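Visitor: Here is how the chains run, residue by residue.
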Amino acid sequence: MMQKTPLGRVIGLGSAKSGTEHWWHQRVTAIAGVPLVIFLIAFVLGHVGASRAEIIASLSNPIVAILLALTVVNLLWHMRLGLQVVIEDYVHTPARKFAALLFNTFFTVAMGAAALFAILKMSYGL
Amino acid sequence: MANTKDAGRPLSPHLQIYRRTLTMMLSIIHRATGIALYAGTLLLVWWLTAAATSDSYFETVQAVFGSWIGLLVLFGFTWALVHHTVGGIRHLIWDTGRGYDLKTVETMARLSVAASIIITLAIWVIAFGVMS
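Chains as they are written, first to last, in the working numbering: chain F, 1 to 126; chain R, 1001 to 1132.
Any given hint might turn out to be false.
[To be verified] Here are a few chain R residues that face chain F, going by a calculated C-beta distance under 7 Å:
#1 G1034
#2 L1048
#3 A1051
#4 F1058
#5 G1088
#6 L1102
#7 E1106
#8 M1108
#9 I1126
#10 A1127
Treat the hints as calculated values from the structure; they're not laboratory data. What you are looking at is a predicted structure, and each value in this text was computed from that prediction instead of being measured. Where is the CB? At the ideal position from N, CA and C, for every residue including glycine.
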C-alpha cells in the first residue's frame, strides 16, 4: 500500500531504490576480484624486469589478454562503487558532491579506456 | 546539513572519543587502502600504456618504478592491494552471516594483519628473486 501523501510522491524524495543493486555489485566485483587480483600479482611478478617485447608476447595469448582486461574492468567497477560511498559519506555540499561523483565516473571510465586500449593494442601485436 | 553546534543537545561520540581497537583500525585502513588503490590505478594504467607505446617511453617508466622512491610506492601499493583483498575476504565471510562473535572477530582481525604482511613480503622476495 502506498503510504506517501500525494505531495510526497510528487516531490519524490527518499530512497533512490538502487541501494541493493549497489551493494550487490560491490560484492560480485569483490568475489571476482579475489582470483583476478591473484592473477594480476602473478602477471606483474612474471614480468618484473621484462622487456616490452616480452610483455607484448605474453599478451598475444588471448587468455592472458582477456584475463588482464577483465581484471582492470572488474577492479575499476569495484573502486568506482567504493569511492562513491566515500564521497556520499564525507562530501555534503551538493555542488561539491555532484562534482566529486562526476569526477569518480569520468576518472574510472578514462582509466578503463586507456587500459583496454593498451591491452588490445599489445594483444594485436602492434 | 543541520547546524549541530548550537543545538544544545549532546553529540554522539566520534573517533577521538573511543578507545582504539584493532577492528576499528582495520575498518579505517580498509577504506584508506581502497582510496589509495583508486589512485594506484594511475600507476597500473601508466605502466600498461607505456608498454603499448614505445621502447623509450617504457624504459622511462620502468626507471621511475625502479628508483628507490618508485619501489617504495610499489611496495605500499602491493601491501594496500593485499590488505584490501584479505580484508575484503573477511567482509565476505561476514556477509554469509558467520564470524560475528567477538573472539572470532578478533582472531580474524589478527590473522588478516599477519596474512597481509606475510603475503606482501613473499611477493617482494619473489620479485627480487626474479630480478637477480
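Visitor: Quick check: which numbered hints come out false for this structure?
Guide: 6, 7, 8
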